[in-house]
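Undergrad: Quick note, the sequences are listed as chains E and R, same order.
Heads up: the first sequence begins at 1 in our numbering, then just goes up one per residue.
Heads up: the second sequence begins at 1 in our numbering, then just goes up one per residue.
A portion of the hints provided could be inaccurate.
[As the list claims (entries may be wrong)] Straight-line alpha carbon distances no greater than 27 Å define the calculated DSS-like cross-link-like pairs of lysine-lysine that follow:
hint : chain 1 : residue 1 : chain 2 : residue 2
1    : R       : Lys321    : R       : Lys174
2    : R       : Lys257    : R       : Lys309
3    : R       : Lys321    : R       : Lys115
4    : E       : Lys67     : R       : Lys174
5    : R       : Lys16     : R       : Lys115
6    : R       : Lys326    : E       : Lys67
7    : R       : Lys244    : R       : Lys267
8    : R       : Lys302    : E       : Lys67
9    : R       : Lys321    : R       : Lys260
[Stated by the list, open to error] From the structure, some residues in chain R lie toward chain E, with a derived Cβ separation under 8 Å:
hint : residue
10   : Arg88
11   : Thr89
12   : Ala92
13   : Val108
14   : Glu112
15   : Pro182
16   : Ser306
No lab work stands behind these hints: they were computed from the structure.
Here the structure is a predicted model, which means the values were calculated and not measured.
Just so it is clear, CB atoms sit at the ideal spot from N, CA and C, and this is done for glycine as well.
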Amino acid sequence: MSTSASTGEIGTLVLPSTGARKSAVYLYPCIATIVLFIVWEIATRYGNISPLILPPPTEIFATAVAKFPVLVRMSLVTSYEFVLGFILAAVVGLPLGALIVYARPVEMTLYPMLVAFQTIPKAAIAPVFIVWLGTGITSKILIAFAISFFPIVIDTIIGLRSTQPETIYVVRAMGGTAFQVFWHVRLPNALPAIFGGLKVASTLAVIGAIVGEFVSSDSGIGYLLLVANGELDTRLVFACVLVLTVLGLVFFFIIDAFERVFVRWHVSARQADLAATGSN
Amino acid sequence: MQGPTGKSSASTSRRKFLTTGTAAGFAFAAGVRPRPARAATEKILFQLDWIPFGRHTPYYAALENGFYSEKGLEVTIAQGRSTIQGIRTLVAGQSQFIFQDIAVMLSVRATEGAKIRSLACMYQRTPHTLFYIKNNGINQPKDIEGKKIAFTPGDSPRRMFPAFAKASGIDESKVSWLSVDPNSKNAVLLNHQAEGMVTYIFTLPVLQKSAQGGDQVGAFVYGDYGADFYSNGIGAMEEYIKEKPEVTRNFVQATMKGLKFTLDHPKEAVGMLKNHQPQLDEEVALQEIEILRNISNAKNLKVLGSMTKEKMQETQDLMIKYMDLKSPVALDQAFTNEFLA
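All chains, full assembly: derive it from the sequences and hints.
TA: This is the structure we're talking about:
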């Protein structure tokens with residue numbers, strides 16, 4: 001089987017070159033988004049839609065530019081809330097997931113409680129959080145944590161449990177300790193699932209911060225959105241939604257970048273180790 | 001068990017059931033034709049300004065007494081989250097009538113060009129209030145400077161605050177604002193998470209009842225400090241009024257009948273309120289109705305809910321003077337009493 005570098009032929013299957021395929025991944029959604037905005041613009045300009053209900057994109061962008069300093073200031077507050085909430089969720093969720101996999105008594109006690117906690121709609125208990133923790137940033141960080149930590153725990157458990165038992169037996173047979181099994185076999189195997197959980201959690205953390213801001217706040221994009229809504233400034237409302245979308249996307253892609261770096265590092269470190277111990 | 005065609009009897013009987021069932025269903029649906037109502041009922045969504053409380057009894061009383069249905073109106077009462085949100089539902093065509101602050105409707109008409117017309121005014125004396133906890137360093141409105149006030153974005157006490165501030169000598173730039181969900185506003189004040197809270201005077205009984213640790217709740221009513229204007233009343237879009245004047249007349253009169261019934265028979269009316277809002281406290285609701293009696297100026301009005309051009313003018317002048325309203329509107333179009341009598 002020959003693979004040509006320029007046309008990427010594999011057998012008789014002809015694929016576009018890797019370069020073109022890579023840019024298509026970015027190009028297609030960009031084109032689709034631009035088309036969406038064009039349709040939106042035309043619909044609002046010529047479709048008799050009140051700007052109080054749905055403003056045209058050009059006006060939204062103009063507002064975003066005009067209010068840029070405020071939007072940046074508020075974004076910093078909200079970002080601080082969801083990043084910290086997320087980090088807390090990861091710091092608590094990852095070890096908790098591992099603990100549940102390794103300690104059956106912990107699993108039997110905690111797992112049902114976690115599921116029960118997860119079914120409580122956070123939007124319903126957010127006001128309670130505010131009463132307990134005040135109207136400042138702490139309550140938002142904790143709401144973000146509460147909403148986002150469950151996917152991390154679950155996906156960690158799933159990932160750690162998805163190792164093939166045969167691989168573990170081989171390592172054990174060769175005299176590997178439990179920690180070596182974890183570090184060289186279970187963990188690398190679990191990374192895709194763990195990062196899946198982290199990515200889901202990243203979007204939930206943003207939601208958590210906003211839910212907290214909606215209940216009570218004096219700063220942040222959620223606060224600005226509500227105030228804009230209250231002043232019938234629909235353009236600013238949409239500008240806030242746009243900013244939130246961008247923040248969420250950036251956060252998601254940062255986690256994605258981490259995944260690529262981390263997985264490559266871990267897997268190649270593992271392979272280097274195995275080579276060093278001469279078991280390759 | 002297989003029949004002659006090779007199909008099992010189970011699947012044949014299932015098919016039989018489905019076909020006869022569907023046929024029966026069609027026959028049933030065809031036979032059940034909607035009986036034409038004696039008069040065509042008009043579906044109305046009546047958007048309130050806030051979460052329903054005792055002050056909203058008149059509308060539930062009108063509903064339960066059949067005042068709406070006897071005029072051919074099928075009314076659904078929707079709870080609200082703020083005046084602005086309510087106005088938005090009107091402009092978007094989701095609601096046909098709204099119960100919102102007239103001063104705000106006027107300012108929205110002036111600044112956004114939305115053609116909302118006021119048809120009746122229930123809160124003729126301004127109920128907008130700055131609540132605070134007594135013995136906490138606040139003795140007069142100016143003391144709120146440097147402190148935090150809880151509000152809900154879009155509510156009219158926040159929107160009209162500049163008028164109150166200028167009239168009572170508060171430097172607005174020294175006040176910080178805390179946005180709070182409508183359901184949590186009372187708690188935020190009572191837990192001392194904010195030093196002040198703006199809402200309507202109707203909330204006083206609820207606040208006093210739930211105050212903790214011997215706290216006393218104080219109230220600065222905007223009207224007492226020189227910011228007196230028309231507050232909540234019924235509003236609708238001009239287009240709709242033009243298109244359906246009879247429906248408008250029927251709705252307005254049925255609603256005012258509900259108000260009159262509530263003021264004359266408060267206990268009965270509260271009973272009707274509780275059919276829809278069972279979680280409300282009867283005592284508190286009755287206290288709110290007494291406040292409503294005062295606010296609606298019922299004793300002095302010949303026709304309940306009627307508005308005067310003078311006070312409309314004062315309302316608009318207040319906004320021009322204190323709130324920088326740059327484009328005043330012709331008042332004759334902004335309100336009318338014609339549907340009241």
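Undergrad: Compare the structure with each hint and give your call.
TA: Verification of the supplied hints:
Distance hint between lysine 321(R) and lysine 174(R) is fulfilled; the C-alpha atoms sit about 20 Å from each other, no more than 27 Å. The straight-line distance between the Cα atoms of lysine 257(R) and lysine 309(R) is roughly 23 Å, inside the 27 Å bound, and the hint therefore holds. Only pairs whose Cα atoms come within 27 Å are accepted, and lysine 321(R) paired with lysine 115(R) is accepted, the gap being roughly 23 Å. Taking the CA atoms of lysine 67(E) and lysine 174(R), the gap is near 22 Å; set against the 27 Å cutoff, the hint holds.
This hinted pair does not check out: lysine 16(R) and lysine 115(R) have alpha carbons roughly 60 Å apart, beyond 27 Å. A threshold of 27 Å between alpha carbons decides the hint, and for lysine 326(R) with lysine 67(E) the separation of about 22 Å falls inside it, so the pair holds. As the CA atoms of lysine 244(R) and lysine 267(R) are separated by approximately 34 Å, the hinted pair breaks the 27 Å bound. This hinted pair does not check out: lysine 302(R) and lysine 67(E) have alpha carbons roughly 50 Å apart, beyond 27 Å.
Proximity of lysine 321(R) to lysine 260(R) is assessed by CA-CA distance (about 35 Å); at most 27 Å being required, the pair is judged violated. The interface hint given for arginine 88(R) holds, since its Cβ lies 7 Å from the closest Cβ of chain E, which is under the 8 Å cut-off. Because the smallest distance between the Cβ of threonine 89(R) and any Cβ of chain E comes to about 10 Å, over 8 Å, the interface hint for this residue is violated. Because the closest C-beta pair between alanine 92(R) and chain E is about 5 Å apart, less than 8 Å, the hint holds.
A least Cβ separation of about 7 Å between valine 108(R) and chain E falls short of the 8 Å threshold, and the interface hint therefore holds. Among the interface hints, the one on glutamate 112(R) holds; its C-beta lies about 6 Å from the nearest C-beta in chain E, closer than the 8 Å criterion. Given hint, proline 182(R) at the interface with chain E, is violated; its Cβ is 10 Å from that chain's nearest Cβ, farther than 8 Å. The beta carbon of serine 306(R) comes no nearer than 28 Å to any beta carbon in chain E, farther than 8 Å, and the hint placing it at the interface is violated.
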